[in-house]
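Go ahead and model the full structure; you've got the sequences and the hints to work with.
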Amino acid sequence: MGSIFDRIGGSDAVAAVVEVFYARVVADPMLRGYFADTDMAKLKAHQRSFVAAALGGPQEYRGKSMGEAHAGLGITAEEFGQVVLHLAGALESCGVDAETIGSIAGALAPLREQIVEGAVAA
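Numbering (the working numbering), first residue to last: 36 to 157.
Hints in this document: simulated from the structure, not taken from any laboratory. Check each hint, because a few of them may be wrong.
[Stated by the list, open to error] Quick list of in silico lysine to aspartate or glutamate cross-link-like pairs, EDC-like style, CA-CA up to 16 Å: (1) 77 / 54; (2) 79 / 47; (3) 79 / 54.
[Said to hold, decoys possible] Distance ranges between label pairs, derived from CB positions: (4) 141 / 104: 13 to 23 Å; (5) 81 / 119: 16 to 26 Å; (6) 107 / 134: 32 to 42 Å; (7) 70 / 153: 17 to 27 Å; (8) 64 / 93: 34 to 44 Å; (9) 103 / 79: 10 to 20 Å; (10) 103 / 141: 20 to 30 Å; (11) 153 / 130: 28 to 38 Å; (12) 127 / 78: 19 to 29 Å.
Glycine included, every Cβ here is placed at the ideal spot set by N, Cα and C.
Here you go:
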C-alpha cells in the first residue's frame, strides 16, 4: 500500500499542503503573531522536510526537535488544536481523503506534549 507520503502524492503534494497550511495559519488572528518575524521561506522548507519524513518519505528531517523549535513560545492547547484543524483543512483542500487525514493526525498527536507549554501525557 505504500507510505502515507506516497499515497498523498509525494513531494509535490507535501509542498502544496505546506503552502495551504501556512496561508491558513498566518491568516488566523489566534496564530498569526507567532509568525510576525519569521522567515517564512525557511520555515516552509523545514516544514516540508519534517512532514515528508513524518509521513514516511525518503527525506531525513535534520531540523530541531519539536520541543526545541517551540520552547518558550507559550503555545496553548487551544492554539495547538487550531493548528491541527488548519492542517486537516489544508490536507482536505489538497485532496487527501478523510481516512489518510485521520492517520496523519494520529501520527502527529504525540507531538502535543512537546509543543504545548506545560502539557503532560494524556
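Each hint tested on the structure:
1. 77 / 54: Since the Cα atoms of residue 77 and residue 54 sit roughly 12 Å apart, the hinted pair holds (cutoff 16 Å).
2. 79 / 47: holds, 13 Å
3. 79 / 54: It holds: about 8 Å lies between the C-alpha atoms, which stays within 16 Å.
4. 141 / 104: 13 to 23 Å: Given range 13 to 23 Å: holds, Cβ gap about 21 Å.
5. 81 / 119: 16 to 26 Å: holds, 18 Å
6. 107 / 134: 32 to 42 Å: 36 Å Cβ-Cβ, so the 32 to 42 Å window holds.
7. 70 / 153: 17 to 27 Å: holds, 22 Å
8. 64 / 93: 34 to 44 Å: Between residue 64 and residue 93, where Cβ atoms are some 37 Å apart, the hint holds.
9. 103 / 79: 10 to 20 Å: Given about 19 Å between the Cβ atoms, the range holds.
10. 103 / 141: 20 to 30 Å: Check passed, 23 Å falls within 20 to 30 Å.
11. 153 / 130: 28 to 38 Å: holds, 36 Å
12. 127 / 78: 19 to 29 Å: holds, 22 Å
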